[in-house]
Amino acid sequence: MSTAQKGDTVQIHYTGTLSDGTVFDSSQGRDPLEFEVGSGMIIPGLDVAIPGMAVGDKKIVEIPCDQAYGEVNPENRQAVPRDQFPDDIPMEVGTQLQMQTPDGRAMMVTIAEVVDTEVTLDANHALAGKDLTFDVEMVAIKAA
Numbered sequence: 065m066s067t068a069q070k071g072d073t074v075q076i077h078y079t080g081t082l083s084d085g086t087v088f089d090s091s092q093g094r095d096p097l098e099f100e101v102g103s104g105m106i107i108p109g110l111d112v113a114i115p116g117m118a119v120g121d122k123k124i125v126e127i128p129c130d131q132a133y134g135e136v137n138p139e140n141r142q143a144v145p146r147d148q149f150p151d152d153i154p155m156e157v158g159t160q161l162q163m164q165t166p167d168g169r170a171m172m173v174t175i176a177e178v179v180d181t182e183v184t185l186d187a188n189h190a191l192a193g194k195d196l197t198f199d200v201e202m203v204a205i206k207a208a
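Numbering (my numbering), first residue to last: 65 to 208.
For the record, the hints were derived by calculation from the structure and aren't laboratory data.
Note that beta-carbon positions come from the ideal geometry of N, C-alpha and C, so glycine has one too.
Careful: at least some of the hints might be erroneous.
Pairs of lysine-lysine residues, derived as BS3-like cross-links and limited to a Cα-Cα distance of at most 25 Å, are as follows [what the hints assert, rightly or not]:
id: 1; residue 1: K122; residue 2: K70
id: 2; residue 1: K206; residue 2: K123
id: 3; residue 1: K206; residue 2: K122
id: 4; residue 1: K123; residue 2: K194
id: 5; residue 1: K122; residue 2: K194
id: 6; residue 1: K70; residue 2: K206
id: 7; residue 1: K70; residue 2: K123
Taking CB as the label site, the calculated pair distances span [stated by the list, open to error]:
id: 8; residue 1: Q69; residue 2: D199; range: 37 to 47 Å
id: 9; residue 1: M105; residue 2: A170; range: 36 to 46 Å
id: 10; residue 1: T67; residue 2: F88; range: 24 to 34 Å
id: 11; residue 1: T86; residue 2: M171; range: 22 to 32 Å
id: 12; residue 1: Q92; residue 2: M65; range: 22 to 32 Å
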């Protein structure tokens, strides 16, 4: 039976949970996730756990935050004067906004704090700073 190797295209079903057991993502009820092993298409800690798995194999992979979405970077938080926001944008903590970087790229940010004069935006990934656990099942392997 062949096993997944770097460069192979694989399909997996997965459920991702936080350390408290909260499910943050799952492929259940959807098509399996397809990616090339070792290509950087998925988080590093999961990518390195796939080689050696055969179709039908299941495993639980525990991934520290530095092998997932990284540590929370305080430099990715920025206070912006409240009067720079259009009136139709809800100023509520947790609201996600799409901003444009100076070089024209789109970037997602989350409102982290709102006070009278300013709004703090957070560009860290929502899972930054969190250790993750994935319950993985290998569904298909297409050799490179």
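The hints, checked one at a time:
no. : hint                    : verdict
1   : K122 - K70              : holds (18 Å)
2   : K206 - K123             : holds (20 Å)
3   : K206 - K122             : holds (18 Å)
4   : K123 - K194             : holds (20 Å)
5   : K122 - K194             : holds (23 Å)
6   : K70 - K206              : holds (11 Å)
7   : K70 - K123              : holds (18 Å)
8   : Q69 - D199: 37 to 47 Å  : violated (22 Å)
9   : M105 - A170: 36 to 46 Å : violated (20 Å)
10  : T67 - F88: 24 to 34 Å   : holds (28 Å)
11  : T86 - M171: 22 to 32 Å  : holds (26 Å)
12  : Q92 - M65: 22 to 32 Å   : holds (25 Å)
Of the numbered hints stated above, those contradicted by the structure are hints 8, 9, listed in ascending order.
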